[in-house]
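These protein sequences, in sequence, are chains A and B.
Counting along the first sequence from 1, when you hit position 133 you're at 132 in numbering that gives the first Met the number 0, and nothing is skipped either side.
Counting along the second sequence from 1, when you hit position 38 you're at 37 in numbering that gives the first Met the number 0, and nothing is skipped either side.
In short, the hints are calculated from the structure, not lab data.
Glycine is no exception: its CB is placed at the ideal position from the N, C-alpha and C atoms.
There's no promise every hint is true.
Said to hold, decoys possible - Have a look at the derived ranges for each label pair, beta carbon to beta carbon:
#: 1; chain 1: B; residue 1: Leu233; chain 2: A; residue 2: Thr191; range: 36 to 46 angstroms
#: 2; chain 1: B; residue 1: Leu91; chain 2: A; residue 2: Leu137; range: 26 to 36 angstroms
#: 3; chain 1: A; residue 1: Leu42; chain 2: B; residue 2: Ser186; range: 45 to 55 angstroms
#: 4; chain 1: B; residue 1: Leu65; chain 2: A; residue 2: Leu137; range: 20 to 30 angstroms
#: 5; chain 1: A; residue 1: Leu137; chain 2: B; residue 2: Pro187; range: 47 to 57 angstroms
#: 6; chain 1: B; residue 1: Lys237; chain 2: A; residue 2: Ala133; range: 41 to 51 angstroms
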Amino acid sequence: MSTIPDVGLYRQRFRRLGGQIRSFMQPALDQRWSRWGLYVIALYLLVGIVGPYLPLPGPHEAQTVSGGAYAQMEPPSLEHPLGTTYFAYSVLSRTLLSAQTSLLVGLLSASMVLLVGVNIGLVAGYYGGRIEAALMGLTDVMFGLPFYPFAIVIVTILGSSMINIALVISLIFWREIARITRSETLSLKERTFVKSARAAGTSNLKIMYYHILPNLVPLILIYFVFGIVWGILLEASLSFIGLGDPNAISWGLMLHNAFSAGVLTNAWWWVLPPALALWLFIWSLYVVARALEDNVEQHIEGGA
Amino acid sequence: MTNSALQYIGKRLLRFVFLMWVVVTITFVLFRVMPGDPTAMLISGAFTEESRQAMLENFGLTKPLLDQYVIYIGNLLQGDLGLSFFHKEPVLNVIIPKMQNTLVLMVPAFVIVFANAYFTGTYLGWNKGSLADRVGTYVPLSFRAVPHFVLGIFLLMIFSYQLGWLPTGGMGPIGGKDLTMFEQLTSPTFYKYAALPFLTALLHYISDPLLLMRGNVISEKHEDYIELHRLKGLSNRKVREHAATNSLLPLLTWLTPMVGVAFGGQILIETVFSWPGIGRALVDASIRQDFPVAQAAFLLISAAVLFTNLLVDLAYGYFDPRISYGET
Numbered sequence: 000m001s002t003i004p005d006v007g008l009y010r011q012r013f014r015r016l017g018g019q020i021r022s023f024m025q026p027a028l029d030q031r032w033s034r035w036g037l038y039v040i041a042l043y044l045l046v047g048i049v050g051p052y053l054p055l056p057g058p059h060e061a062q063t064v065s066g067g068a069y070a071q072m073e074p075p076s077l078e079h080p081l082g083t084t085y086f087a088y089s090v091l092s093r094t095l096l097s098a099q100t101s102l103l104v105g106l107l108s109a110s111m112v113l114l115v116g117v118n119i120g121l122v123a124g125y126y127g128g129r130i131e132a133a134l135m136g137l138t139d140v141m142f143g144l145p146f147y148p149f150a151i152v153i154v155t156i157l158g159s160s161m162i163n164i165a166l167v168i169s170l171i172f173w174r175e176i177a178r179i180t181r182s183e184t185l186s187l188k189e190r191t192f193v194k195s196a197r198a199a200g201t202s203n204l205k206i207m208y209y210h211i212l213p214n215l216v217p218l219i220l221i222y223f224v225f226g227i228v229w230g231i232l233l234e235a236s237l238s239f240i241g242l243g244d245p246n247a248i249s250w251g252l253m254l255h256n257a258f259s260a261g262v263l264t265n266a267w268w269w270v271l272p273p274a275l276a277l278w279l280f281i282w283s284l285y286v287v288a289r290a291l292e293d294n295v296e297q298h299i300e301g302g303a
Numbered sequence: 000m001t002n003s004a005l006q007y008i009g010k011r012l013l014r015f016v017f018l019m020w021v022v023v024t025i026t027f028v029l030f031r032v033m034p035g036d037p038t039a040m041l042i043s044g045a046f047t048e049e050s051r052q053a054m055l056e057n058f059g060l061t062k063p064l065l066d067q068y069v070i071y072i073g074n075l076l077q078g079d080l081g082l083s084f085f086h087k088e089p090v091l092n093v094i095i096p097k098m099q100n101t102l103v104l105m106v107p108a109f110v111i112v113f114a115n116a117y118f119t120g121t122y123l124g125w126n127k128g129s130l131a132d133r134v135g136t137y138v139p140l141s142f143r144a145v146p147h148f149v150l151g152i153f154l155l156m157i158f159s160y161q162l163g164w165l166p167t168g169g170m171g172p173i174g175g176k177d178l179t180m181f182e183q184l185t186s187p188t189f190y191k192y193a194a195l196p197f198l199t200a201l202l203h204y205i206s207d208p209l210l211l212m213r214g215n216v217i218s219e220k221h222e223d224y225i226e227l228h229r230l231k232g233l234s235n236r237k238v239r240e241h242a243a244t245n246s247l248l249p250l251l252t253w254l255t256p257m258v259g260v261a262f263g264g265q266i267l268i269e270t271v272f273s274w275p276g277i278g279r280a281l282v283d284a285s286i287r288q289d290f291p292v293a294q295a296a297f298l299l300i301s302a303a304v305l306f307t308n309l310l311v312d313l314a315y316g317y318f319d320p321r322i323s324y325g326e327t
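Work the whole structure out from these sequences, hints included.
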C-alpha cells in the first residue's frame with residue numbers, strides 16, 4: 000500500500016509541533032521562579048559551550064605566585080579569582096569547565112532514558128496483551144532494583160565513563176517514563192483520530208510514531224528535564240564517592256578532592272563554588288520541571 | 000482471615016520470591032562478566048600458571064557456568080555468601096552489623112518524613128495558595144535540590160568545623176569500644192554522632208512525600224464526597240481528616256521506589272559522615288575490588304527493598320477497600 004508523501008502536510012505538522020512546544024514552555028516563562036530557572040539554565044549552557052575557549056588557566060595547570068613557588072591553597076585574590084586547590088589548580092577554571100561535563104552527562108542520560116522508556120511504553124500500550132504484560136513485568140522488576148547500588152556495581156564492573164553513567168541511568172529510569180507513556184498511549188489509542196487512521200489502513204508503526212507520539216511531547220519534555228537531573232546527580236554522586244569518570248573534571252570530583260584532602264575546615268573557596276554550582280543548576284531544573292508539570296496537570300483537569 | 004485474603008498474601012509472597020530470584024540471577028551474571036577473575040585480586044606479584052589453575056579450581060571457577068550458578072544459589076539459601084577478600088572473614092559477619100548501622104539512621108528518618116508528609120501535607124494542600132503553603136512548598140523543595148553529599152558537606156562545615164558543636168564523622172570516639180545496639184541507643188554521645196547524618200537524610204527526603212500528599216489533598220478537596228461531608232455539617236477539621244485518609248494510598252505507593260532511592264542516598268550520607276553503614280561497605284568493597292562483599296551488600300540492599308515493597312503491597316491491600324483480594 001503506497002501513498003504519495005505529502006510534504007506540505009509534514010511541514011504543517013512540524014510547525015504545529017513547534018507551536019505545541021512553545022505553548023507548552025509558556026508556563027515556565029510566566030512564573031517568576033521558573034523564569035529565573037530558565038535564565039540560569041541558559042547561562043550554564045553558555046558556560047558549557049564557551050568554557051574551554053575562555054582565557055583561563057587550564058584545569059591541570061599548576062598556578063604559581065609572583066615569587067615563582069606553586070600557589071597551593073591560595074584564598075581568592077585578584078590573581079586567582081576563586082583561589083587555588085591543594086595542587087595549585089585554579090578553582091575558577093575547574094568550576095567553569097565542570098559545567099560541560101554535567102551538561103553532557105545530563106543530555107546524554109536524558110536522551111537515552113527517553114529512547115528506551117518511550118519506546119517500551121508506546122509498544123506496550125499500543126499492542127497490549129502479552130507484549131504489554133511482559134514489558135510491564137519488566138518494569139516491576141526494575142522498580143525493585145536499588146538505583147545507586149546498581150550503578151556502583153555496574154561502574155565497578157564496566158569501569159567509569161560518561162557513557163556508562165548514561166547507560167546505568169537508561170537501564171533503570173526508563174521504568175517511570177515507560178509506565179506513563181503506556182497509560183497515555185492506552186487512552187490515546189481509543190481516540191477518534193487513531194481509530195480513523197487505523198480504519199484508513201495506516202501501518203501500526205506510523206500510527207504509533209506519527210499520530211500518537213506527537214501528543215506525548217509535553218510529557219516527554221518533563222521527563223527530559225528529569226532525565227538531565229538524574230544524569231547530573233548520578234555523575235556528581237559517583238565522582239564524589241570516588242567512582243567517577245577519571246578523565247572528566249566535574250563538580251563532584253572537585254568536592255571529592257577537597258573532601259579527601261581534609262581541608263573542609265578552612266578552604267571554603269574550594270568547596271563552595273562546585274557545591275553552589277551544582278545546587279543552583281539542579282534547583283533551576285527542578286523548578287522548571289515543576290512549572291511544566293503544573294501545566295500538564297491543568298491539561299488533564301481541563302479535560303483537554 | 001478469609002480465603003481470598005490468604006490468596007492475595009500468597010500471590011504477593013510468590014512475587015517477592017520471584018523478584019528476589021531475578022535480582023540474585025542478575026547479580027550472578029553481572030559478577031561473572033567482570034573482566035579478570037578473583038585470582039588477579041587475591042595474589043599480588045608472580046605466581047605460576049599452575050598455582051593459578053589450582054586456585055581457580057579451588058574456587059570452583061573451572062566448572063561450567065550452570066554448575067556454578069546452582070552452587071551459588073545453594074550457598075545463598077544456606078546463608079553462605081563467601082569470604083571477603085579484604086577482611087578474610089565470612090561476608091555476612093562483615094555486612095550484618097553495617098546493615099544495622101544503616102537502619103538505625105534510616106528507619107527513624109523515614110518515620111518522621113512519612114508522618115510529616117501526612118500531617119503537614121494535608122494542612123498545606125487544604126490551605127492551598129496561603130503564605131504557609133507557598134513557604135511550605137518552596138523551602139523543602141530548595142533542600143531537595145541540594146544533592147545529599149552537598150547538603151552533608153554544608154552541615155559538616157557549619158556545625159562541626161565552624162561552630163564545633165558536633166563531631167566530624169564516625170559513630171563514636173576513635174578508639175572507643177564497640178557498643179551493643181542497646182548501649183548505643185542509651186548513650187548521649189551516640190546521638191551527637193548521629194545528629195548530622197540524620198538531619199541530612201531528614202532534610203533531603205522531607206519534600207517529596209510532602210508535595211505528593213499536598214497534591215492528593217488538593218485534588219480530593221473537590222470530590223463529591225467532601226461536599227457531602229460538608230453538607231452533613233461536619234466541622235472543617237473533620238472533613239479535612241476524611242480527605243487526608245483518602246490521600247494516604249498514593250503516599251504508600253510512593254514508598255515503593257523510595258526505599259530503593261533512600262538506600263542509595265544513604266551511601267552518600269555515609270561517605271560524608273564516615274558512618275560505617277551498608278552503603279559505605281558497598282563503596283569500599285567496590286574501590287578495593289572486594290567482590291564478595293560488594294555482591295553481598297548489593298543483594299542485602301535489594302532484599303531489604305523488595306521486602307519493604309512486599310510490606311507496602313500488603314498494607315495497600317489492607318487499606319484499599321477497592322482491591323478485591325481474589326482478583327489482583
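Kindly indicate which numbered hints from before are broken by the structure, ordering the numbers from low to high. Violated hints: none at all, because every hint is consistent with the structure.
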